[in-house]
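Going down the list, the sequences are from chains A and B. Everything in the first sequence is counted per this note's numbering, starting at 1 for the first residue and increasing by one. Everything in the second sequence is counted per this note's numbering, starting at 1001 for the first residue and increasing by one.
If you are wondering where the hints come from, they were derived from the structure by calculation, not from laboratory data. Worth double-checking, as some hints may not be accurate.
The list that follows gives simulated cross-link-like pairs (lysine-lysine, DSBU-like), each with its CA atoms no further than 30 Å apart [stated by the list, open to error]:
id, chain 1, residue 1, chain 2, residue 2
1, A, 113, B, 1043
2, A, 28, A, 204
3, A, 28, A, 214
4, A, 214, A, 204
5, B, 1261, A, 112
Computed beta-carbon distance windows for the label pairs [claimed, not checked]:
id, chain 1, residue 1, chain 2, residue 2, range
6, B, 1158, A, 67, 29 to 35 Å
7, A, 108, B, 1103, 51 to 57 Å
8, B, 1103, A, 129, 36 to 42 Å
Output of the computed footprint for chain B on chain A, the stretches with three or more beta carbons under 8 Å from beta carbons of chain B [what the hints assert, rightly or not]:
id, stretch
9, 92 to 101
10, 147 to 157
Only a predicted model underlies this, so the values are computations on that prediction, with no experimental measurement involved. Ideal Cβ placement from N, Cα and C applies to all residues, glycine included.
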Amino acid sequence: MSFVEVRNIFQSYGSRPILERVNLDVAKGDFISIVGASGCGKSTFLRLLLAQEVPTRGTIRIDGNDPAVEPGRERGVVFQRYSVFPHMSVRENIVAGESFHRCWGRFYGAGKKQALDRADETLNRIGLAHVADAYPATLSGGMQQRLAIGQALVARPRILLLDEPFGALDPGTRLAMHDFLMELRAQTRMTVFMVTHDLEEGFKLGDRVLVFDKTRWDADYPDNYGATITYDFDARNGGIPFQDIMEEHNVLLSA
Amino acid sequence: MRLINRSPGRPAALVLMALPFVAVLAAYAIGSEVRLAENPQDKLLPAPAQILETAIRLFTEGDRRSGRILLWYDTGASLARLAIGVGIAALSALAFGMAIGMLPYARRTLNAFVGVISMVPPLAILPILFIIFGLGEVSKVALIVIGITPVMIRDLSARTLEIPREMIVKAETLGASSAVIAMRVVLPQILPRLIASVRLALGPAWLFLIAAEAIAAQLGLGYRIFLVRRYLAMDVILTYVIWITLLAFLMDYALRLLSRKAFPWTEAAL
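Work the whole structure out from these sequences, hints included.
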């Protein structure tokens, strides 16, 4: 049995179908990139994985558990924006990742001291130790996303969902974030789903690349049919040629 | 250069800031001068010097009968009513605003109701308050509470709804319960808005306070103004009006300062 199991998902808003007949099996530790045109339902699919929405039909199970009805600790998430708490310092944001499931959302006494120490360790690992006491608004976009990913990971989710996490970053920062994410992934072997607009990014980071599109198209009523997974690429190194070109024959180096 | 792109330097800005104040004072002084020259007994526009003299007397000399310095007693009574009224309004607005903003059940139940209630003109129900609560302190405090709470609830519930959904979902994925989200995510982000809301509500709060005091009270700034009106004591009225304005301004300033000191993250930016 696969780790993440998506069975025959349909999702419609009112009478308008967004997704239809989506089936997917994902092994533990896989990095899944999800790409597709705007409005193809890839963000809807991520919200379903997150359990922020419940599908009209079908089920999503993680590790065989019952389908979730609301977001919880099984799923970690990083959005393009608003993924960290602006009223907490960087360190408090990391501590929040561990403490929010507790009764008052806080640590007390010795537990607090240990949590702060663990948070400092995490900050060291994600390279934010020097801004531990700053507020997120004073950080650059890349640092804020690094904080958001770190915060999501200290909560130890079963799967990590990334909704265009690097969409608002400049190209240089984006490359640095790719390295950062790959490094974290190598350490944690986390199962990751990432929605992205950027095909190159999807193939570079992902083990598999899923493409969402409509298989049926009504020229008179474009809203008539929903989208589904139309391609499922194996994007691991040595997979499809496109990936080889990207990884081993960097155009800029050979020029 | 376009007008919209021109801005004054620092000295010019200070002069410009002072200009309307000076203009009003000068206009008053001239008007007073003209009227007094015509009729030294004129009571409508007392000379600035006379107002100052009256002000010093009001602030320092006791009442002939009781020996109490009435202005301070008036100030104390009015500020107590204002503080209790605004305090109750702020706390209930915070509780209801957060509930409406966070809980769909509370929103469905209360949103329309609060919307309708906030349209009731508070002064129109002042007689009802006097009938129910008598002429004592309760009816005055109640008028302030009823007058400003609905608008504050609407403001705070709207601000709560403005908190990005992503942030709430993020807290959920960290395992936070509704209570933890309320206390650790929503409340800290709403408190600065509460202070802003209180600052805006202070104007109406003063209005309702003075209206209630004018109708029935034995002490209070509004009571005094409406009392001495009978004697056409413009110097006393003007002193009180300036004093009230000063108090209101100081409160507003203190709240702004508090907001900046207590919530440094609101001003944090790259």
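Outcome of the hint check:
1. A:113 to B:1043: With a Cα-Cα distance of about 71 Å, the restraint between residue 113 of chain A and residue 1043 of chain B is violated, given a limit of 30 Å.
2. A:28 to A:204: Holds. Residue 28 of chain A to residue 204 of chain A sits at ~19 Å (cutoff 30 Å).
3. A:28 to A:214: Holds, because 28 Å separates the two Cα atoms, which is no more than 30 Å.
4. A:214 to A:204: Roughly 25 Å between the alpha carbons, so the hint for residue 214 of chain A and residue 204 of chain A holds.
5. B:1261 to A:112: Measuring from Cα to Cα gives roughly 25 Å; hence the hint holds.
6. B:1158 to A:67: 29 to 35 Å: 34 Å Cβ-Cβ, so the 29 to 35 Å window holds.
7. A:108 to B:1103: 51 to 57 Å: Between residue 108 of chain A and residue 1103 of chain B, where Cβ atoms are some 28 Å apart, the hint is violated.
8. B:1103 to A:129: 36 to 42 Å: This hint holds: roughly 39 Å between Cβ atoms.
9. 92 to 101: holds (count 4)
10. 147 to 157: This one holds; 5 residues, not fewer than the three required, reach chain B with a Cβ under 8 Å.
Going through the hint list in order, the structure does not satisfy hints 1 and 7.
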